[in-house]
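Undergrad: Protein chains in written order, with our numbering: chain A, 1 to 357; chain B, 1 to 357; chain C, 1 to 357; chain D, 1 to 357.
Wrong hints could be hidden among the right ones.
Mimicking DMTMM-like on lysine to aspartate or glutamate, the simulated pairs with C-alpha atoms at most 20 Å apart in a straight line are [claimed, not checked]:
id: 1; chain 1: C; residue 1: K248; chain 2: C; residue 2: E261
id: 2; chain 1: B; residue 1: K319; chain 2: C; residue 2: E322
id: 3; chain 1: C; residue 1: K319; chain 2: B; residue 2: D143
id: 4; chain 1: A; residue 1: K336; chain 2: A; residue 2: D143
id: 5; chain 1: D; residue 1: K349; chain 2: A; residue 2: E32
id: 6; chain 1: A; residue 1: K319; chain 2: D; residue 2: D341
id: 7; chain 1: C; residue 1: K209; chain 2: C; residue 2: D357
Since the hints were derived computationally from the structure, they do not count as laboratory data. Computed from a prediction, not measured in an experiment: that's the story for all the values here.
The residues making up each chain are set out below.
Protein chains: 4
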Amino acid sequence: MRRIGILTSGGDCQALNAAMRGVVKSMATSGEQMEVFGFLNGYRGLIYGDYRMLDGNDFSGILTRGGTILGSSRTPFKTIREPDENGLDKVEAMKHNYYKLNLDCLVILGGNGTHKTANLLREEGLNIVTLPKTIDNDLWGTDMTFGFQSAVDIATNVIDSIHTTADSHGRVFIIEIMGHKVGFLTLNAGMASGADIILIPEIPYDIDKVVEAINKRKERGSKFTIIAVAEGAISKKDAKLSKKEYKKKLENLVHPSVSYEVAADIQKKTGQEVRVTVPGHMQRGGSPCAYDRVFASRLGAEAGKLILKGEYGFMVGYKDREIVKVPLQDVAGKLKRLDPDAAIIKEAKMLGISFGD
Amino acid sequence: MRRIGILTSGGDCQALNAAMRGVVKSMATSGEQMEVFGFLNGYRGLIYGDYRMLDGNDFSGILTRGGTILGSSRTPFKTIREPDENGLDKVEAMKHNYYKLNLDCLVILGGNGTHKTANLLREEGLNIVTLPKTIDNDLWGTDMTFGFQSAVDIATNVIDSIHTTADSHGRVFIIEIMGHKVGFLTLNAGMASGADIILIPEIPYDIDKVVEAINKRKERGSKFTIIAVAEGAISKKDAKLSKKEYKKKLENLVHPSVSYEVAADIQKKTGQEVRVTVPGHMQRGGSPCAYDRVFASRLGAEAGKLILKGEYGFMVGYKDREIVKVPLQDVAGKLKRLDPDAAIIKEAKMLGISFGD
Amino acid sequence: MRRIGILTSGGDCQALNAAMRGVVKSMATSGEQMEVFGFLNGYRGLIYGDYRMLDGNDFSGILTRGGTILGSSRTPFKTIREPDENGLDKVEAMKHNYYKLNLDCLVILGGNGTHKTANLLREEGLNIVTLPKTIDNDLWGTDMTFGFQSAVDIATNVIDSIHTTADSHGRVFIIEIMGHKVGFLTLNAGMASGADIILIPEIPYDIDKVVEAINKRKERGSKFTIIAVAEGAISKKDAKLSKKEYKKKLENLVHPSVSYEVAADIQKKTGQEVRVTVPGHMQRGGSPCAYDRVFASRLGAEAGKLILKGEYGFMVGYKDREIVKVPLQDVAGKLKRLDPDAAIIKEAKMLGISFGD
Amino acid sequence: MRRIGILTSGGDCQALNAAMRGVVKSMATSGEQMEVFGFLNGYRGLIYGDYRMLDGNDFSGILTRGGTILGSSRTPFKTIREPDENGLDKVEAMKHNYYKLNLDCLVILGGNGTHKTANLLREEGLNIVTLPKTIDNDLWGTDMTFGFQSAVDIATNVIDSIHTTADSHGRVFIIEIMGHKVGFLTLNAGMASGADIILIPEIPYDIDKVVEAINKRKERGSKFTIIAVAEGAISKKDAKLSKKEYKKKLENLVHPSVSYEVAADIQKKTGQEVRVTVPGHMQRGGSPCAYDRVFASRLGAEAGKLILKGEYGFMVGYKDREIVKVPLQDVAGKLKRLDPDAAIIKEAKMLGISFGD
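Based on the provided sequences and hints, a complete structural model is requested.
TA: Right, here's the structure in full:
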């Protein structure tokens, strides 16, 4: 009999349920007896002892369901060592609940922030296995995260929809794609939907190069331009600011988003009408795509295997087409970003896509 | 031999191409010889004599394609009698091109603004047949417009996607749906996606009733609330302002949209986190849904029939499940709005949906 | 306090859950206290007293879910008066369970067969309210049934997918669409996807006319032809057979489906390669489309209202854009079919679609 | 100035157009002058000199379009050395046209059969670059082919749709997925949609094990079972037959498909109702998914680069997350199959999926 805790933390995304189902199904298939404690709303549930027991029925039919049956919340790593508003020591509280419930291990699904706290709990002596969840695909130690491909599908679909209008009206359209720090999602959705210009955090842009690309299109008879802009896109000029200065600048924008600044600049410099679309949270919602369902299920199954073998302290990741275990201390606190010299960037440029650089 | 001009005007939407294909296919099937002049970018093409000849190939494969193969533009009715920046009399220019090309008639696809100008051209003696295009479904004289059902599908899909995140994070989510003057789209997408609160222009809301509905949900254990807000939703207080005062008020908002105001009010009054999603232009893009393809094709076919019979001065509409011809003078300048006492509103309320009234 | 039984019978379809949610939500919103008995697997559950109590949680999140949370089965009306294999009188058993549970009424969701039994139960003195469920849209007394528009979407999507292959390979493709007795689904999906030929039960076809239409396309340079064939399409020759003779004929076919016969005939007469695709049950599965979700919710809400008012013996239907109550005796045993002279058929022909007549 | 021939051969699939666009766009972006000869309907166009000149317009807007703008056909490698019905030497004819048009190279998009002929043309001295197209993902030398992920999406969607009906009616449902020789597609679609049993060519099944899996589900209270069967699934017994004997056996089946045999066996051995759905050609149709659009574009871009560098005789493939060039002689005549011991198979089994072995 194993006693397993499970929680999902950070922004939700597609295939969280598929991954949890994978963990539990693989253990059940092995014949292992187990009790599953589902902590509610991320680390918050672990801190305050808020959980419910999960059985087979809870995992039936959730392979295709978006969101997370456990709820999620953001519990900033930055303040994890600080007491809560009632003076409770959050880390001690998590340890307390873990030991009180006599858990064999804790399965944690989350992104970058989540992994920092997961590693801290490992350092504190808890048995931890994690799964890489994020639409940003920015987790160090894995080539892929679940949620990413589903978000690419949605963002691509949004840009596809805008395409017909852009074509009919002859405008410049900016679509702001999620991704504050990395551009994987924007790059892939942009390439998939035939965007003409793609602006991502890893390649600071020069607005004049952007305008040049628009004008070149006009010269060749294309009356519209589609620009995919990551939330965290940044101009070459702003890239030279300190982090603090840049944050301040953003706060002073009417729309606290680079897209509107890019739009205003283009409108001023080309005289063309520019429209901004911000699909926002829908990028992390809805049923996971087939790819993510398979991928999350596989990761979940391998997590189940690790637990059965009692191997703890790992994130289950994907490297060079194999599912691997990555030590948590190697993952925590690192960010995987697009290499501006990556083959896919070069290929995008070969296809005529401008990055404004 | 008939010489037919065709143009699409106003914001684009789904099934414009399907409708034009319907007109041309029905005439070709009848064996009628014809020449089709496609005016580019709406009335603009007619004003400046900018057109291209269309043949069968242009209409092949466009049944499923979004946007308009002719391009579109907004040509405000308000200023149609004013000369353009070079002193050109726009109405005279349209008549001039019509007669110069020796057209038998002009097929015009558009929404409310478009129909005012179409009726003006009819008054000026041109032979006009129109088709009712708009995602708003606000055209007088027809129970349905094409584009509407496709937009409902997209908006529903957006709210569906948000649902999983709302559920996982326990927040209030506002989704702003297109519709400055009417609420058909918001109402239908809201009902289809299980929105809890729906705010539309036809039913001014009281923010306290909105808050009350959110709180009632919380009491019953629902940790999230989904609110579908039409672009033109208006509070009871603002509904008492003059048009001018209200416009001024909107201009002073940071986000010139009611959604953000509603969000701020709710956040203030409930303390709950509120997020706003604005899907925007994607609602009028992409491939038309099956319903719209059939509907637009049928309208187009009947428009072709009118032309063959030489019956001009009509919009082809849909009344009580029959396709009918509606005199243009009856359509122009009127707006079809939701009746706050309509059965569908009552049913929505029976289902527990709050309109904040 | 009301005690309400509910069951879904016959082939499942989209929006059954949405409709049931509508009934229950509208009653709950009214403040009415109620107990809901969900009979499992159609009339079977009522016959054998197999049910479970349903509460609010059962109806949460099911608006968008396909299938039926109660399960369904076919219980042929033809043999309803015959005892079951253990000698049980099925009608008496249903009455027995109804009275034993002290039900106020029974809500029944189903198609044609289901309505015959529902009417029988009404004649036997039970309080019945029904909802019109079928992808075939062949229920008498209502302009529309839920499930239909969702099935149109799926069938359209199937034909769309085939279109690209047909175009690339220059073949004749037959897609067999559900509908043994009526052609609404085939007609709408065929029109929506640009099918060239549509064969439906209501318009017996002449294979030579079908071949003629294919050849005419070839002459005009179209190298492929798409044919949408309803399951119940019938040739003019076969239409003259007695029902018995025809049934026998079908049984002797290798593939007991007209599509393969049509395919063989065309291949023989034109020499062109013909492929048959049979999407089958997927047409009744998956999440309901936005239209069906709204429509089923509205019908459900009005059913709830009837129950609250104690008005029994009706199907809730849709006539001339209003939701109406139709006496069960008027519905039972009748079939709504396409009128070969209907406007939509004429329009389809105007668009160049051949019906092989 | 380069003179480039291009053709698509074999069954069509998604992203053929995206890949061709990639080739041409990358060359155009490089500033290279070129003339593009599009051979129609596969090798047939090359044999009979049937082509049309392609320019930028032909490649605009095709990123998202299914099928192939060039048409395709199957030209069996087995008989490529045999003269056609008029005595024409097909290989000589292809060489003749290649030299007559003074081509610099020939870009060929296709699957296994196509690559054999492509390699033959290379051996005959033509400059060849190929791209790996197939929904089967069975090409040797590349980890992935375009079309595959799109087909997974469609097949998954089909099984999803069936799921709701299976659940409602408590039946065994068999869905036959494309793949005569390999099971990648069936495996992935099956895992993505939560199939309970997956039968693929690489793992011959024992019908008694299949029945055992169904019964085990029944015992655990699951009233339905979903089985994904590859077209080329084979029983252990049949796997012992010679190729010739097996072919004969298949020909004697009423439905020349293993699915119906599996269905009949299950029905006989369990008494449960079994339904078969054959989505067929729709699996290779429709708009490519985002993954395939990006992937095909990247491959196309790299093919363009090879041409610019004058490196011929290669297939552009994908190995260990890098785009690579693979000598045609290494690709031709080999088949990539699923390894029954692959991690993904083990994981599927860990998730409780039975392969009937």
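Undergrad: All hints are to be evaluated individually against the structure, with a verdict given for each.
TA: For each hint, the structure was consulted:
Distance restraint check for K248/C and E261/C: the Cα-Cα separation of roughly 15 Å lies within the 20 Å cut-off, and the hinted pair is therefore satisfied. Under the criterion of a C-alpha separation no larger than 20 Å, the hint pairing K319/B with E322/C is consistent with the structure, at around 13 Å. Restraint check for K319/C and D143/B: satisfied, since their Cα atoms lie roughly 14 Å apart, inside the 20 Å limit. The suggested pairing of K336/A with D143/A holds, with an alpha-carbon distance near 9 Å, which does not exceed 20 Å.
With a CA separation close to 15 Å, the supplied pair K349/D and E32/A stays within the 20 Å bound. Restraint check: the Cα-Cα separation between K319/A and D341/D comes to about 19 Å, which is no more than 20 Å; the hinted pair holds. Using a Cα cut-off of 20 Å, the hinted pair K209/C and D357/C holds, with the two alpha carbons roughly 7 Å apart.
The structure is consistent with each of the numbered hints, conforming to all of them.
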